[in-house]
Amino acid sequence: MAQSTVRALVLPLLGLAAVLLAWTALSQTVAPDLPSPLRTWQESRRYVLEPFFKDGEMNQGILRLAFYSLVRVAKGYLLALLLGTPLGFLLGLSRTFHQSFDPIVQFLRPISPLAWLPLGLVIFQKSEPAAVFTIALCAMWPTVINTAVGVRSISQDYLNVGRVLRLSRAKMLSKIIVPASLPYVFTGYRLSLGLAWLVIVAAEMLTGTPGVGGFLWQEYNSLVYSHIILSVVTIGAVGLALDRLMGLVEARIRAS
Amino acid sequence: MAYLDVRDLRRSYVTPRGTAHVLGGVNLALDEGEFVAIVGYSGSGKTTLVSLLGGLIQPDHGEIVLDGAPVTGPGPERGIVFQQYSLLPWMTVHENVALAVDAVNPGRPAAERRRITDEFVALVGLTPAAWKRPSQLSGGMRQRVAVARGLAMRPKLLLLDEPFSALDALTRATLQDELLSIWGAHRSTVVLITNDVDEAILLADRIYPMTPGPGAVLGPAIEVGLPRPRARRHLSLEPAYQKARQAIVDFLRACRRPAA
Chain A
462 MAQSTVRALV LPLLGLAAVL LAWTALSQTV APDLPSPLRT WQESRRYVLE PFFKDGEMNQ
522 GILRLAFYSL VRVAKGYLLA LLLGTPLGFL LGLSRTFHQS FDPIVQFLRP ISPLAWLPLG
582 LVIFQKSEPA AVFTIALCAM WPTVINTAVG VRSISQDYLN VGRVLRLSRA KMLSKIIVPA
642 SLPYVFTGYR LSLGLAWLVI VAAEMLTGTP GVGGFLWQEY NSLVYSHIIL SVVTIGAVGL
702 ALDRLMGLVE ARIRAS
Chain B
553 MAYLDVRDLR RSYVTPRGTA HVLGGVNLAL DEGEFVAIVG YSGSGKTTLV SLLGGLIQPD
613 HGEIVLDGAP VTGPGPERGI VFQQYSLLPW MTVHENVALA VDAVNPGRPA AERRRITDEF
673 VALVGLTPAA WKRPSQLSGG MRQRVAVARG LAMRPKLLLL DEPFSALDAL TRATLQDELL
733 SIWGAHRSTV VLITNDVDEA ILLADRIYPM TPGPGAVLGP AIEVGLPRPR ARRHLSLEPA
793 YQKARQAIVD FLRACRRPAA
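Heads up: the sequence lines are chains A and B, in that order. Just so it is clear: in the first sequence, position 201 is 662 by our numbering, and no numbers are missing. Just so it is clear: in the second sequence, position 152 is 704 by our numbering, and no numbers are missing.
No lab work stands behind these hints, which were simulated from the structure alone. Every residue, glycine too, gets a C-beta built ideally from N, C-alpha and C. Possibly wrong hints are sitting among the right ones.
Stated by the list, open to error - Pairwise CB distance ranges, derived in the manner of DEER restraints: (1) B/R569 to A/R556: 35 to 45 Å; (2) B/Y565 to A/L539: 42 to 52 Å; (3) A/L569 to B/Y565: 34 to 44 Å; (4) A/L544 to B/T679: 39 to 49 Å; (5) A/T557 to B/S594: 35 to 45 Å; (6) A/D563 to B/L787: 52 to 62 Å; (7) A/R715 to B/T571: 37 to 47 Å; (8) A/R713 to B/T571: 47 to 57 Å.
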């Protein structure tokens, strides 16, 4: 095996070992309530080895919980794309629209999911739509902004082709503006998915709905701290998988 | 009135360093079916003139009349072959040409538009590459697609903006020859903008030298007295060729600013 391959395999394992060591040391010294890696594994093995069992509303295998969270994220994310993409195109295409709404977009963008969720509960009276609403509202901004930037950075050369051919507005949009801005739009989609997954934990914690985030909060209240770590690791793994998946889709779009 | 009548065209740009007067009153007249070249140094305002003729920008002063109708904006009756090709990279060769064919033949059935597209792709010899995207093509092939798209608009006036300047010398010669034979068959009205004197003489009936800006104008017309069909071989030995070349070079040298 080539030396670089060995390094690529061994070094990440060494890094992981160092983190586990530090975690163990921490649990043995300053934070006695923090379960050690070994204890975490012993108390979590059923959730991992039987990932789809279901004993009750909140006592379920980790992949089943992750699946609930993913379905919720998918709803919120689709809503974010459905709202964010046209909004981004309008902001990019119309100077009037941009001048009217860009300040509001800039104002709404930095608002935390924790702030939107109670408002969602007030509006919808139920936790599920409130969570989806919060995810959509927090996750749509990268799509909005990247789409708008993509539209505004379309080369004048491409637009001139459309002008010389006197394409209708619809044709200009479908033949030139949308395909030319597609790489930017997909970067927005990828960033939005990352944000949607980031928001899910907060949304589930506050609403107590079944999912990885809800499970995490419930296990904290039941003093089963090892399951908090299990949830955290699961959230990280799913987030990484989602990002890689979108990266592959994006690479395909750019290549075509 | 001539087929294409350009009168006292002026255009300036506002830049951070003040107003730049690019064109200072350009006059031009073409009959139908004529091939005219405008030759000038880089930066003298040739691309501004093409953009004005194409209607992509508006003049500050003066007017352009094509076939009796004043030019007020861009339109397919003035097809442009851009210097940087301007092919749409997400479309295949066939789709790039079809975009033009579909735009100018909205009333015809799809099968017929497709046949017309095939014809223009074949005209520039790209049938084997019809389903490739521009990124898979060489520079010469890309410019062929751009020429096919320009011709597919069936324009009253075809504008060629330094069409071969980005190509290597051998490819450029091939494309010039191809353009010569295509024009021989179609006889469209063409304005070619170039900085290549030999290219202008090979292709054009008449050549206008352009003075270097600011305030560029066109010099007196130089007739190219070479018979058609022309062939590249031995052309440079013809007395008419040398006479035209001398006249252009003399004019451009004489009006060149001392600093250049």
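Hints versus structure:
1. B/R569 to A/R556: 35 to 45 Å: With Cβ atoms ~26 Å apart, the hint is violated.
2. B/Y565 to A/L539: 42 to 52 Å: 47 Å, holds
3. A/L569 to B/Y565: 34 to 44 Å: 39 Å, holds
4. A/L544 to B/T679: 39 to 49 Å: This hint holds: roughly 45 Å between Cβ atoms.
5. A/T557 to B/S594: 35 to 45 Å: Holds, since A/T557 and B/S594 (Cβ atoms, about 39 Å apart) stay within the stated range.
6. A/D563 to B/L787: 52 to 62 Å: Given about 59 Å between the Cβ atoms, the range holds.
7. A/R715 to B/T571: 37 to 47 Å: 41 Å, holds
8. A/R713 to B/T571: 47 to 57 Å: 48 Å, holds
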